[in-house]
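Enquirer: Listed here are the chains, written in short residue letters.
Number of protein chains: 2
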Amino acid sequence: MNAHSAATETALAYFHAWSGHDVDKAMAYIADDIVCESPGGRIEGADAYRAFLEPFVGIVTGTRMLAAFGDERTALVMYDTSTLPVTSAPAAELVTVRDGVITNSRIIFDRLPFPPPPQ
Amino acid sequence: MNAHSAATETALAYFHAWSGHDVDKAMAYIADDIVCESPGGRIEGADAYRAFLEPFVGIVTGTRMLAAFGDERTALVMYDTSTLPVTSAPAAELVTVRDGVITNSRIIFDRLPFPPPPQ
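Chains as they are written, first to last, in the numbering used here: chain E, 1 to 119; chain H, 1 to 119.
Isolated chain E (complex conformation) (with noise of 0.2 Å):
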């Protein structure tokens, strides 16, 4: 297998940070300006993107990388996970890395077997 691009590395680091529950340090890798386009809408700015994360992160209990390919600007990785109200919830990430921080970043998971967000 290849050497990791340096945008793959950066999605790696983030995804092994929220996967051991650190938040903050998941955060490092996130742009001030990060724009995430997600299944229930447009996440503008970190503060709004923690608040995503976070909830998330709480209710996971596992998780495993499938696959992680990249170029030197831009990673798409594939990663299982476990969850408290899902067993098995994968999901795909492709992101836009800059300076060592995602700025953009497109997130792909099926919404259907988690309870609905609250209102």
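Take these hints with a grain of salt, some might be off.
To be verified - Only part of the chain H face toward chain E is listed, based on derived beta-carbon distances under 8 Å:
1) Pro-39
2) Gly-41
3) Leu-66
4) Phe-69
5) Thr-74
6) Met-78
7) Pro-90
8) Ala-91
9) Ala-92
10) Arg-106
11) Ile-108
12) Asp-110
13) Leu-112
14) Pro-117
Claimed, not checked - Some but not every residue of chain H turned toward chain E, in silico, with C-beta under 8 Å:
15) Phe-56
16) Met-65
17) Ala-67
Said to hold, decoys possible - These stretches of chain E come out as covered by chain H in the derived footprint (C-beta under 8 Å, 3 or more residues):
18) 69-81
19) 84-95
20) 110-117
If you are wondering where the hints come from, they were derived from the structure by calculation, not from laboratory data.
For every residue, glycine included, the Cβ atom is placed at its ideal position computed from N, Cα and C.
The hints should help you fit chain H onto chain E, whose structure is shown.
Expert: Only chain H this time, still in chain E's reference frame:
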């Protein structure tokens, strides 16, 4: 950008075939004994896979590849689709390729915006 890997070329050829509503051509890239993990469960064999793919292709009105990476045996792609019921329905696929056909596939998309499949 680097040249695509062999597996990525297969994943892209498969994508372009079904994007063009050519299910027969798409199925030429699918192994007879394909095993696919989809949000709705495991799909085994080309007949079952076609029964999964064909109704989806029937509602697709547009597609856009967002990223495609891989190595000799594995490809990971993310694309957006426009469909009759859902304007933007992105998906990610992790595929294993053997002799130019996809033998294993993991597909992630958000089922929530789609109407439930017929029982």
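Enquirer: Determine for every hint whether it applies to the structure shown.
Expert: A quick look at each hint next to the structure:
1. Pro-39: 4 Å, holds
2. Gly-41: Because about 11 Å separates Gly-41/H from the closest Cβ in chain E, which is outside the 8 Å limit, the hint is violated.
3. Leu-66: Holds. Min distance 6 Å.
4. Phe-69: This interface hint holds because 3 Å falls under the 8 Å limit.
5. Thr-74: Because about 6 Å separates Thr-74/H from the closest Cβ in chain E, which is inside the 8 Å limit, the hint holds.
6. Met-78: 5 Å, holds
7. Pro-90: 5 Å, holds
8. Ala-91: 7 Å, holds
9. Ala-92: 3 Å, holds
10. Arg-106: This interface hint holds because 7 Å falls under the 8 Å limit.
11. Ile-108: Hint on Ile-108/H: holds, closest Cβ of chain E at ~5 Å, below 8 Å.
12. Asp-110: Check passed: Cβ of Asp-110/H comes within 4 Å of chain E, closer than 8 Å.
13. Leu-112: 4 Å, holds
14. Pro-117: 11 Å, violated
15. Phe-56: 15 Å, violated
16. Met-65: Given a least distance of 11 Å, the restraint on Met-65/H is violated.
17. Ala-67: Since chain E brings a Cβ to about 5 Å from Ala-67/H, closer than 8 Å, the hint holds.
18. 69-81: With 7 residues in contact (Cβ-Cβ under 8 Å with chain H), the coverage given for the stretch 69-81 of chain E holds.
19. 84-95: holds (count 4)
20. 110-117: holds (count 3)
Against the hints set out earlier in the document, violations occur for numbers 2, 14, 15 and 16.
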